[in-house]
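This is what each chain is made of:
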Amino acid sequence: MRYALLVQGGPYSHQAAHSALRFAEAAIARGHHLETVFFYHDGVYNAARLAAPPQDEPHLVDGFRSLHEAHGTQLKVCIAAGLRRGLLDEREAARHGKQGHSLEAPFELTGLGQLIDAGLSHDRLITFSP
Amino acid sequence: MILHTLNRSPTESRVYRQALAAMGPDDRLLLIEDGVQGALPSLVRHFGELEGRLFALREDLEARGLAGRCAAEVLVVDADGFVALTEEADKTVSWF
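Taken in order, these protein sequences are the chains called R and L. Under the numbering used here, the first residue of the first sequence is numbered 1, with each subsequent residue one higher. Under the numbering used here, the first residue of the second sequence is numbered 1001, with each subsequent residue one higher.
A portion of the hints provided could be inaccurate.
[Claimed, not checked] From the derived model, a few chain R residues whose C-beta atoms are all more than 10 Å from chain L:
1. E25
2. A26
3. A29
4. Y40
5. P58
6. H59
7. V61
8. D62
9. H68
10. E69
11. A70
12. R85
13. R95
14. L115
15. P130
[To be verified] On the chain R side, residues computed to face chain L include the following (Cβ under 10 Å):
16. M1
17. Y3
18. Q15
19. F128
I should point out that these hints are in silico values taken from the structure, not numbers from a laboratory. In this text, a Cβ means the ideal position worked out from N, Cα and C, and glycines have one as well.
Whole structure, please, built from the sequences with the hints as guidance.
Take a look at the structure:
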């Protein structure tokens, strides 16, 4: 089946991102296609390019990134939630006159419409919230 | 059939009441994260009529030192079983 996950909890403050990653790995192990992870509300912090957790802790950002690298999972970040929280890619940083950027590929800033689309076009959409 | 997930303990939040009120007669409830506390014998009464449709996630029980302490009527599943439940359900609703 084609799966999409919605992550609404920030990293290291709630379990949502851990739960989502664990579910992702289990779904893939059962032969499903994890096509999309959508990050919304504080969940957008899971896309922070500069995240540098201690080496003996799970690296959640790298965990999601590796889903893309190994399985082609699209990592979509709500642009409205991201901009409010300082999650900007190079283009948005330039547009808003900010130095540096905090989000990069394979994470991509997209609109909320992409979440609606994920709900319609995938067989299952599972939500992980704080 | 809809799968409902709940990540709050009945001691912490009353959202479980909304989940129960929303459930149809065939729907299933999976306790995850802090919600697994509800599987304890002292708290499972909050989920009254769900025999055979009440599940708890093994990894979250183990993380809290609660493995083996569930009420007998709770069906314990691991992450693989969680995915299987989402396969069997038409859709999944998350309560938090």
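Comparing the hints with the structure gives:
{"no.": "1", "hint": "E25", "verdict": "7 Å, violated"}
{"no.": "2", "hint": "A26", "verdict": "4 Å, violated"}
{"no.": "3", "hint": "A29", "verdict": "7 Å, violated"}
{"no.": "4", "hint": "Y40", "verdict": "13 Å, holds"}
{"no.": "5", "hint": "P58", "verdict": "13 Å, holds"}
{"no.": "6", "hint": "H59", "verdict": "19 Å, holds"}
{"no.": "7", "hint": "V61", "verdict": "20 Å, holds"}
{"no.": "8", "hint": "D62", "verdict": "20 Å, holds"}
{"no.": "9", "hint": "H68", "verdict": "20 Å, holds"}
{"no.": "10", "hint": "E69", "verdict": "21 Å, holds"}
{"no.": "11", "hint": "A70", "verdict": "17 Å, holds"}
{"no.": "12", "hint": "R85", "verdict": "20 Å, holds"}
{"no.": "13", "hint": "R95", "verdict": "34 Å, holds"}
{"no.": "14", "hint": "L115", "verdict": "14 Å, holds"}
{"no.": "15", "hint": "P130", "verdict": "7 Å, violated"}
{"no.": "16", "hint": "M1", "verdict": "7 Å, holds"}
{"no.": "17", "hint": "Y3", "verdict": "8 Å, holds"}
{"no.": "18", "hint": "Q15", "verdict": "5 Å, holds"}
{"no.": "19", "hint": "F128", "verdict": "7 Å, holds"}
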